[in-house]
Amino acid sequence: MRTFKKGGIHPPENKITADVPIETLPTPHVLTVLLSQHLGKPAKPIVQKGESVKKGQLIAEADGFISAHVHAPTSGKITSVDERSPNPAGQYSQAIIIEADGQEEWAEGMNIDIEYASFPREEKLRKIQDAGIVGMGGAGFPSHVKLNPPKDKKIDTLILNGAECEPFLTPDYRLLMEEPERVIKGLEIVASLFGEDLKVYIGIEQNKPRAIRIMKERSKGTPFEVVSLKTKYPQGSEKQLINALTGRTLTVGQLPFDAGCLVHNTATIYAIYEAVAKNKPLIERVLSVSGMSIKNAKNLRATIGTKITDIVEYCGGLKEEINQLIVGGPMMNKSQFTLDVPITKTTSGILLINNKELDRLREMACIRCGKCVDVCPQGLQPWRFVDLAQNRRTDEIPVNMLNDCMECGSCTFVCPARRDIVHWIKYAKAMNARRKG
Amino acid sequence: MLNSIFIPVITLTVTALVLGISIVLVSKKFHVDEDPLVEAVVKLLPGANCGACGQAGCSQFAVTLVATRDPNLACPALSADGTEQIGAILGMELSGMKPVICTVKCQGTTAVAKQTAEYHGIMDCWAAKQAFHGTKVCPYACLGLGSCLSACTYDAMRIVDGIVEIIEENCVGCGLCIKECPVNVLELQEKKPNRYLVACRSTDKGAATKKYCEVGCIGCKKCEKACPAEAITVDNFCAVIDQSICTSCGACIEACPTHAIVLKEDNIRY
Amino acid sequence: MDAQTRPLIVSYAPHIRTENSIEKIMYTVVIALIPSIITSVYYFGFRALSVVIVAVLTCMASEFIVNKIRKKELTCFNGSAVVTGILLALNVPSGLPLLMVVLGSVVAIIITKELFGGLGFNIFNPALVGRVFLLISFPVAMTAWPVPHAVDVITAASPLGILKTEGVAAIADITFWKLFFGEIGGSMGETSALAILIGAALLAIRGYIFLKIPLIFIGTTFAFTGIFYLIDPTQYASPIFHLMSGGLMLGAFFMATDMVTSPMMVRGQIIFAFCCGLLTGIIRLFGGYPEGVSFAILIMNAFVPLLDRWDLYSMTKRREAVK
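Just so you know, the protein sequences line up as chains A, B and C, in that order.
Mapped onto my numbering, the consecutive letters of the first sequence carry residue numbers 3 to 439.
Mapped onto my numbering, the consecutive letters of the second sequence carry residue numbers 11 to 280.
Mapped onto my numbering, the consecutive letters of the third sequence carry residue numbers 784 to 1106.
Just so you know, the hints here were simulated from the structure itself, not pulled from any lab data.
Ideal placement from N, C-alpha and C gives every residue a C-beta, glycine not left out.
Misleading hints may appear alongside valid ones.
Unchecked claim - Below, computed lysine-lysine pairings styled on DSS-like, alpha-carbon distance capped at 30 Å:
| # | chain 1 | residue 1 | chain 2 | residue 2 |
| --- | --- | --- | --- | --- |
| 1 | B | K235 | B | K274 |
| 2 | C | K854 | A | K358 |
| 3 | A | K8 | C | K1100 |
Stated by the list, open to error - Facing chain A, a subset of chain B residues (Cβ under 10 Å, in silico):
| # | residue |
| --- | --- |
| 4 | Y129 |
| 5 | I132 |
| 6 | D214 |
| 7 | A218 |
All chains, please: the whole structure from these sequences, using the hints.
Encoded structure:
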């Protein structure tokens, strides 16, 4: 059982939806499709208000190199192209509103079986780009860009990220359990984009033994290696996965392709399979609705653009008044200010909780216990960053150390003085950026 | 016994003398020639070292002024009298700065502006903006967490009911707080005995603005029509009063249905 | 119930935290010190307990007063004042006049901790500063070590004191087991090595102290005194004697490991522990005082910010080089 060398923590797993099979959420009447569901520039709308669209039709084009297309998640009428909607990042941004006509009529040529085995590399990449596939683990980096690294970077390792180290989240686990063949086929498609000597790892955390067993069985006959990883947060982070599976370490500013590796999330690989084999654009995804305050915690296959209020209603409503709604995992993702948020391509979970922690969250002085230093997976000194940031001396923080912080939250989790370390680090990064220009 | 008194006394006296003489010699050798003019100028400056003049502190301002005799170098915290006095010492006319004062273009207290959610975290406006959109639904509202307050060296700001208030007697218009606001809700305006301004920057349509704030500007144009001097323009559903044309007649404040226009009585003699 | 009427609360990630807290750490240290309190009562009677209680209460009261003056939240109940009080009490003779205990506690909390900014900001270990202050101000009272199990208050010199003034021959009859269990004269907490080890084991299991500092500290003193013992056993006591007597055990396990005043990074911790051990040995063997642990730790406390700075600098340089 492998793991990454430095740091890491083990927060309570709370995988209460682990054994709940995926349910399909019926498409709601109104869909709020955000124009920015990925890293990079938001997509530009190409439809008008009042236009009728079919399911899967392209409604917004990618703007620039690092950007992705956005498609209509269902058939219906466009009622607005510049609606201001809250987004899962806690801000307001532009969205296209579609009123569903209930027909679920696919656009031409979509959702059909394609013979893709003979496609050349460029054709497969084109289909991935046309389908608007982005990293669905949370970052949202356009996949066609990721799968096409600069020519001088030789890729010799492909890793399927089945770690799912965040507490509460189980969508990747359920995908591996229920549709392993499609995941394997998607992995084969991605592997075929690179050379014959590509080593493929499927990394799954050891708290999912059934998934490991199923993947081992289904991958017999393929050159893929299923590796059991120690359950430690943040195992699912790219740098830590690469370190655990290949032993290579990425230094400051390096990306996975600098170490010859490519890491992809399970849901992304699944979506790639659907894009290439069935001509389906990315318009739905599996997510976990979890938390102690929801009546029926489920794993749902939901259409992109569904509002969280609809999802909560479908899951039976709330047991009690909540005080926090988190979109994503509780370690790295944002708490929301309203329930009226639509889901996007990168929403892997919705947590409805009554967070008792908030009562105890008064920052106290740093007692120099050194726990943050012990658990930092990047080997940084979080206490020093907070000290300098609080005294408004953010320019004294060594820049390469600050940028190496991936804001995983391990330091803040263990701090006995309840210091808001990650927030101060993010604040320091913002202050330095402001100062520069 | 005498030995045991004499020897220590003599040793210590000699040591003290040697050290004392060394200090005098060193202070003479490393003496920095202070221009008495510079010292006189520094005495007239407020000494807050706010940096608004563009120099690194009050002493630096004095040194630069005495060296370059630049008439445009001005200290915003000085009254017209103070500027005259400095000019008199140096034997020149200083242009000084027109008296300006900081204004908050928002009246969205917790009573009238709709809140989004409670915020638990670093009490700083930039930090809050990173965590989420802000404590108020209005995207142009003052967040009320005080990033501007921490920049003010004249103690001229306080937070009341969720927004920032300027303590007008103390504000000298140095402008340091302006840069600290992530939503650009602070503005420097020239002081006038009766200054009317629109305390709102919302460029959302009137219906939307009314939904999230009772005192926001809805762009109804009633003020534009009421103004006899044509000093008000409503652009993008937000009214702006041109202070250079405004005659302070007060017709606009009566016409405004949401009380978005306010009156400030500035004390020009500061 | 389905409708959400209460506004949500927005906090920044991560939204879940550990169960650990400052209070938990401090009160676990208190529990780890209980064996030492029990043995001190066993050997020196209930007077020992009253010293502990007076010290703890004065420390908490001093912190309370300073909190009120600074108009800040009350920190006197978070356990750090209790720990300081107990450690200070365990460092003084059980017969010390209570007024001196009060004075020592006030100096420890107000001057060493609160004047520097409160918990987390002090450079020197508060209990040690209190003890050294008392030692220098009231040298006679602070070296009047009661004899264990005495019915009346008889005082005699501690083993280290005897060693300093009368030499190796005079301590020949103090057996190892007496030193280990604590049936010797000395300050309340330093006599019983066994009690200290039990407490330290508890803290090490919970992960609140890093064993490298105490082990390197003790190891260095052992080696240093050992070298001189091998050179001349008639003039220098055996290293085992040095290990078990005086405040070495208490200082190494509870004072040198104090989180606030010890270095954050490994190299700094090693240097800190090594120099503490060296200084203790030097003062004990060649200095004017029979006991050197308090001074050694305080001197090294002053170097801790420098050690941290150096470590950070090296770490930054190393990271830049790798690029």
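(request) Could you work out which earlier hints the structure fails to respect and list their numbers in ascending sequence? (result) none
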